[in-house]
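Visitor: Sequence:
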Amino acid sequence: MSTLLQTIIPVDSLVVNAPLTFGELVKEGNINQILDNALTWSIELIIYIFVAILIFIIGRFIISKIVGFFNRVISKSSWDTVLKGFLRTVLQTFLYAVLFMIIINAVGVKTVSIAAIIASVGLAIGLAMKDNLANFAGGVMILLSKPFKGGDYITTQNLEGTVESIGILHTILRTGDNKTVYIPNGPLSTGNIINNRSMDGTLRTVIVINVDYGSNIDEVKSLLKDIAGSHPKVLKQPSPFARMTKINPTSLEFTVRVWAKSSDLWEVNHDLTELFYKKLYDKGMISSLQQVTVHMANTQS
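For the sequence shown, our numbering begins at 768 and goes up steadily by one.
These are computed hints drawn from the structure, not numbers from a lab. A portion of the hints provided could be inaccurate.
[As the list claims (entries may be wrong)] Okay, the calculated beta carbon distance ranges per label pair: (1) S1029 <-> Y815: 58 to 64 Å; (2) S1006 <-> K843: 50 to 56 Å; (3) K1050 <-> N963: 30 to 36 Å; (4) L911 <-> Q1004: 32 to 38 Å; (5) S1029 <-> I816: 56 to 62 Å; (6) W846 <-> I984: 23 to 29 Å; (7) T929 <-> D1049: 23 to 29 Å; (8) N963 <-> W846: 20 to 26 Å; (9) T922 <-> F861: 32 to 38 Å; (10) W846 <-> S997: 40 to 46 Å; (11) R855 <-> K1013: 35 to 41 Å.
[To be verified] Straight-line distance between alpha carbons at most 16 Å, and here's what the computed EDC-like set of lysine to aspartate or glutamate pairs gives: (12) K1050 <-> D944; (13) K1013 <-> D985; (14) K988 <-> E1020; (15) K1046 <-> D967; (16) K992 <-> D919; (17) K1050 <-> D967; (18) K1028 <-> D919; (19) K1046 <-> D979; (20) K1045 <-> D967; (21) K1028 <-> E1041.
Backbone N, C-alpha and C fix where the C-beta goes; we use that ideal spot for every residue, glycine too.
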């Protein structure tokens, strides 16, 4: 009986009216509601910004502590300084990516949808930046195979210089004239690399000398060897080499090979080049003018 007496509530009365949109409020001229909504949205925005800034400050502090601890750990290892810098950069990038995900999750954005967007954007960026991905992989291969390290003087990609650092995408060289060169890691890892760092700390330099026709070959060889052997920074073993290696149209070409410490190589090369010229010129073996003998053919019948 009580069931029959229950009040029957119409279904339409249970429907909750959805809040009006901004356009509908403007159409109705409900300024008060518009201002209320704007105030609510502004307060929420300020709160979200404050939360995001607070999380960023705290996260950056934590990241600095983690990276500092990582630096202290790897500083005690025997790893190359270039490898240490590369790993530190990768760690910082990863930690800031995690911090970004935490911030967008804290302000109410769905991380699942963000992850889907990032995956879509990442695919598009990956296709557009495949060369940079190859550079990243090349940097990893260089660090693993170690064809050179920081401070080595290398020749590659028609360039040469001292390795300053190996970045995520580029290797930085400092040339002899103090210019900075950025070489992409992709081509660098698959191309030819000449590392001028020797195993025992010594290198060989080659100097080419041209003397006049008529010069005594044995005298020239003996003079070149004596000059090279008397230089204080030229190594006695292997002993200096000097031989005639080519007959040019206007001169005789001699090649001198000497060994020196890597740090003294350029000084030795420049010193010997100057000394060879001075001694040979004083001996009259290098003339100031090159002469060419021309034989005139008789064309008369």
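Visitor: For each hint, tell me whether it holds in the structure or not.
Guide: For each hint, the structure was consulted:
{"no.": "1", "hint": "S1029 <-> Y815: 58 to 64 Å", "verdict": "holds (59 Å)"}
{"no.": "2", "hint": "S1006 <-> K843: 50 to 56 Å", "verdict": "violated (44 Å)"}
{"no.": "3", "hint": "K1050 <-> N963: 30 to 36 Å", "verdict": "holds (34 Å)"}
{"no.": "4", "hint": "L911 <-> Q1004: 32 to 38 Å", "verdict": "holds (36 Å)"}
{"no.": "5", "hint": "S1029 <-> I816: 56 to 62 Å", "verdict": "holds (57 Å)"}
{"no.": "6", "hint": "W846 <-> I984: 23 to 29 Å", "verdict": "violated (54 Å)"}
{"no.": "7", "hint": "T929 <-> D1049: 23 to 29 Å", "verdict": "violated (38 Å)"}
{"no.": "8", "hint": "N963 <-> W846: 20 to 26 Å", "verdict": "holds (22 Å)"}
{"no.": "9", "hint": "T922 <-> F861: 32 to 38 Å", "verdict": "holds (34 Å)"}
{"no.": "10", "hint": "W846 <-> S997: 40 to 46 Å", "verdict": "holds (43 Å)"}
{"no.": "11", "hint": "R855 <-> K1013: 35 to 41 Å", "verdict": "violated (52 Å)"}
{"no.": "12", "hint": "K1050 <-> D944", "verdict": "violated (36 Å)"}
{"no.": "13", "hint": "K1013 <-> D985", "verdict": "holds (15 Å)"}
{"no.": "14", "hint": "K988 <-> E1020", "verdict": "holds (11 Å)"}
{"no.": "15", "hint": "K1046 <-> D967", "verdict": "violated (32 Å)"}
{"no.": "16", "hint": "K992 <-> D919", "verdict": "violated (31 Å)"}
{"no.": "17", "hint": "K1050 <-> D967", "verdict": "violated (37 Å)"}
{"no.": "18", "hint": "K1028 <-> D919", "verdict": "holds (14 Å)"}
{"no.": "19", "hint": "K1046 <-> D979", "verdict": "holds (14 Å)"}
{"no.": "20", "hint": "K1045 <-> D967", "verdict": "violated (32 Å)"}
{"no.": "21", "hint": "K1028 <-> E1041", "verdict": "violated (19 Å)"}
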